[in-house]
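Spelled out, the chains give:
2 protein chains.
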Amino acid sequence: MNKNKFLLTLMATILVFTGSNTFAEEKVVKWKLAMHWPQTLAPFAWTVLRFSENVEEMSGGRMTIRVDDSNKHKAAAGILDMVGDGQYEMGHTASYYWKGKDINTMPFTTMPFGMTTAEQDAWYYYGGGEALAQEVFSKHNVISHQGGSTGNQMGGWFRKEINSAEDLKGLKMRIPGFAGEVMSELGVAVTNLPAGELYTALERGTIDALEWVGPGMDINMGFHKVAPYYYTGWHEPATDLQFLINQDAWDELPADLQAIVKSAIIVSKSSMYWENYAMSSEAWSKMGVDYPNIKVKSFPPELVAQMKAANAKLIAETSAKDPMFKKIIDSQSEFMAKAREWTKISDYLYLKDNID
Amino acid sequence: MNKNKFLLTLMATILVFTGSNTFAEEKVVKWKLAMHWPQTLAPFAWTVLRFSENVEEMSGGRMTIRVDDSNKHKAAAGILDMVGDGQYEMGHTASYYWKGKDINTMPFTTMPFGMTTAEQDAWYYYGGGEALAQEVFSKHNVISHQGGSTGNQMGGWFRKEINSAEDLKGLKMRIPGFAGEVMSELGVAVTNLPAGELYTALERGTIDALEWVGPGMDINMGFHKVAPYYYTGWHEPATDLQFLINQDAWDELPADLQAIVKSAIIVSKSSMYWENYAMSSEAWSKMGVDYPNIKVKSFPPELVAQMKAANAKLIAETSAKDPMFKKIIDSQSEFMAKAREWTKISDYLYLKDNID
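Chains as they are written, first to last, in my numbering: chain V, 1 to 356; chain B, 1 to 356.
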């Protein structure tokens, strides 16, 4: 090799070297996320958009997550499948929406008469819940993470007062999850309508009642203007949304980006709870002043007892058919028995002393 | 320049280029953190150690945080100063320990008869609390972040039953924060002892009572073996620890590492709450079986009323002297008035229906 040829080879080597180096530095992992919600739905959609921003910031731009809302992908009912088969690397949804596909996804959102937010979070992260979630979701080629807690949800808006189980018979109501099954057992005609149609349906009497979330989210929907009876909750004491991740995409992710995604999810999950709590506190104080005709009611004790009985019956029936369902419910029940005793002598007695 | 000389120059350039590039890739930001606790104190110390691990993982090793525990730095009482002057880039402590140095650091930990954990978190992150914390801590050249919630704390272990304010007079008790001021106002001789001396002091009657945290942390201290009256809480409804960051070190940190540190803090803060809730649930169910002589008591209503009055008096006095204290307390009170109404119709009524 003469000097000229050597020089050329060397320069080519440098170009390849610096070229590949630049490539390594600039290689961006680009993911897509399908969320269940339109991007106007606060705070659900905000939570997802901030998650995406946080991942980009923490990774210094080495990972981006494009968020498609329900108006873009037009397949909210298909998110679990789309993430499982890799059309989207991630999804944001509520796992109880998949009860028809796999009943065992449901208890990770919330259960009627189940744990409160603090109790459920303690169970999920430090009481065996997370491992059970992975056992369930791995069948769908998906990893599930808790993705944003709404906290305790209100029992819903009713056009008429409910004084007994008799008043529920034939009532048309939008109510999802296991609570929908319980209401159905009590004779309610449970319907599902897109969010955009709910107000009109309630106003015109196409439905008689609906549950949505709580004051912070309900106020923008305007339900309080047409259905003044606002019932306290029994059915969704700790609703949590879920981030889903395609297992193959996850396995290919470098360890540092895995750590970033995991932490960004926990930040979003916690922040949504705090934000929604603040939103509900503000909205409720506003609603009470602007609409003094709103009547906050709790269902009568006899009816609550009937709801509990129907819930226990349905849980027993489902557990008898499905060992995995039994395993999850047993885990939740055992943990709740202990946690509720702690809740009682801590937050509950404190509040009892400082309310009324 | 002849070809040989050009070649040598080129090779030198390559060496410099690859050398500096390697250097850039391997540059590690090395921080030190002083925590208030011995490293055996679960879950406080675990929370900090996991925070450090998480930052290292998320940054792919580009940032490390060495954690020194109280046995190493031997200056728990100096953490705010040590972080402010840059001896340590970070600290982990409870801001109410600094009440003697700056009374306004105190309300970010918790206040007697104040907000619950959910309410305080909503206030801190979405109700103006965080901006007030920065206003207070910036005077100390420090940024403060909420760093781990214990949730509602128990009112403490007492050797004898407390039936009236008379029983408190002259009682020797370990109790920190604003609650210590309230107890002092009621005639309690408030003392402070190192954690390691508490059990012996309580056993020998050097002190008559103490408050620590809750069942999950108290069980390892053994207080239940020598002081069987376990009082429910009024004084620390939402205790949160704090991560402190030196302002100059923060300003020098690249944006991606700033985002990583911020998220890792929120992950630690939330996780400690969930973990401590699980620990207290487990410990309480165990304590009740192993030590059936433990008597859970609430202070009599007349005494609680006297505590509330003393608390209100001290708050009014401090507010009159310090406009910043007034600003923080007003912000908390206004938020709490709204949030408590929401707590009442959500978690409280739900628990009321499902307890007893």
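Misleading hints may appear alongside valid ones.
Copies of the same chain look alike in the list, so a pair counts if it fits in one copy or across any two.
Below, computed lysine to any residue pairings styled on SDA-like, alpha-carbon distance capped at 20 Å [what the hints assert, rightly or not]:
{"hint": "1", "residue 1": "K27", "residue 2": "G61"}
{"hint": "2", "residue 1": "K327", "residue 2": "M221"}
{"hint": "3", "residue 1": "K344", "residue 2": "H224"}
{"hint": "4", "residue 1": "K344", "residue 2": "I355"}
{"hint": "5", "residue 1": "K352", "residue 2": "T206"}
{"hint": "6", "residue 1": "K286", "residue 2": "E197"}
{"hint": "7", "residue 1": "K295", "residue 2": "L349"}
{"hint": "8", "residue 1": "K313", "residue 2": "E135"}
{"hint": "9", "residue 1": "K295", "residue 2": "E57"}
{"hint": "10", "residue 1": "K308", "residue 2": "I355"}
{"hint": "11", "residue 1": "K352", "residue 2": "E341"}
{"hint": "12", "residue 1": "K30", "residue 2": "D256"}
{"hint": "13", "residue 1": "K27", "residue 2": "R62"}
{"hint": "14", "residue 1": "K30", "residue 2": "G60"}
{"hint": "15", "residue 1": "K32", "residue 2": "D102"}
{"hint": "16", "residue 1": "K74", "residue 2": "A42"}
{"hint": "17", "residue 1": "K308", "residue 2": "I329"}
{"hint": "18", "residue 1": "K262", "residue 2": "G128"}
{"hint": "19", "residue 1": "K172", "residue 2": "L186"}
{"hint": "20", "residue 1": "K295", "residue 2": "E341"}
{"hint": "21", "residue 1": "K352", "residue 2": "V296"}
{"hint": "22", "residue 1": "K308", "residue 2": "K352"}
{"hint": "23", "residue 1": "K32", "residue 2": "V190"}
{"hint": "24", "residue 1": "K262", "residue 2": "E57"}
{"hint": "25", "residue 1": "K352", "residue 2": "R340"}
{"hint": "26", "residue 1": "K308", "residue 2": "N354"}
{"hint": "27", "residue 1": "K344", "residue 2": "P300"}
{"hint": "28", "residue 1": "K262", "residue 2": "L49"}
{"hint": "29", "residue 1": "K27", "residue 2": "E197"}
{"hint": "30", "residue 1": "K344", "residue 2": "P228"}
To be clear, the hints were calculated from the coordinates, so they are not data collected in a lab.
Here the structure is a predicted model, which is why all the values come from computation and not from measurement.
Here's how the hints hold up against the structure:
1. K27 / G61: Answer is both: 9 Å inside a copy and 19 Å across each meet the 20 Å cutoff.
2. K327 / M221: Neither way: K327 and M221 sit 38 Å apart in one copy and 34 Å across, limit 20 Å.
3. K344 / H224: between (32 Å within a copy, 19 Å between copies)
4. K344 / I355: Intra 15 Å, inter 7 Å, cutoff 20 Å: intra and inter.
5. K352 / T206: neither (40 Å within a copy, 34 Å between copies)
6. K286 / E197: neither (24 Å within a copy, 51 Å between copies)
7. K295 / L349: Between copies only: 15 Å across, 26 Å inside.
8. K313 / E135: neither (25 Å within a copy, 55 Å between copies)
9. K295 / E57: neither (45 Å within a copy, 51 Å between copies)
10. K308 / I355: between (26 Å within a copy, 14 Å between copies)
11. K352 / E341: Classified as both: same-chain Cα gap 15 Å, cross-chain 13 Å, threshold 20 Å.
12. K30 / D256: Both: 15 Å inside a chain and 18 Å across chains, each within 20 Å.
13. K27 / R62: So K27 and R62 pass the 20 Å test inside a copy (7 Å) and across (18 Å) alike.
14. K30 / G60: both (13 Å within a copy, 19 Å between copies)
15. K32 / D102: neither (24 Å within a copy, 48 Å between copies)
16. K74 / A42: within (19 Å within a copy, 47 Å between copies)
17. K308 / I329: Close inside one copy (15 Å), not across copies (42 Å); limit 20 Å.
18. K262 / G128: within (18 Å within a copy, 27 Å between copies)
19. K172 / L186: within (12 Å within a copy, 58 Å between copies)
20. K295 / E341: Close across copies (14 Å), not inside one copy (31 Å); limit 20 Å.
21. K352 / V296: Answer is both; intra-copy 19 Å and inter-copy 16 Å each pass.
22. K308 / K352: between (24 Å within a copy, 15 Å between copies)
23. K32 / V190: neither (34 Å within a copy, 58 Å between copies)
24. K262 / E57: The answer is both: 14 Å in one copy and 11 Å across copies each meet 20 Å.
25. K352 / R340: both (15 Å within a copy, 12 Å between copies)
26. K308 / N354: Between copies only: 10 Å across, 28 Å inside.
27. K344 / P300: For K344 and P300, only the inter-copy Cα distance (17 Å) is at most 20 Å; the intra-copy one is 22 Å.
28. K262 / L49: both (15 Å within a copy, 17 Å between copies)
29. K27 / E197: So K27 and E197 fail the 20 Å test inside a copy (44 Å) and across (56 Å) alike.
30. K344 / P228: between (32 Å within a copy, 19 Å between copies)
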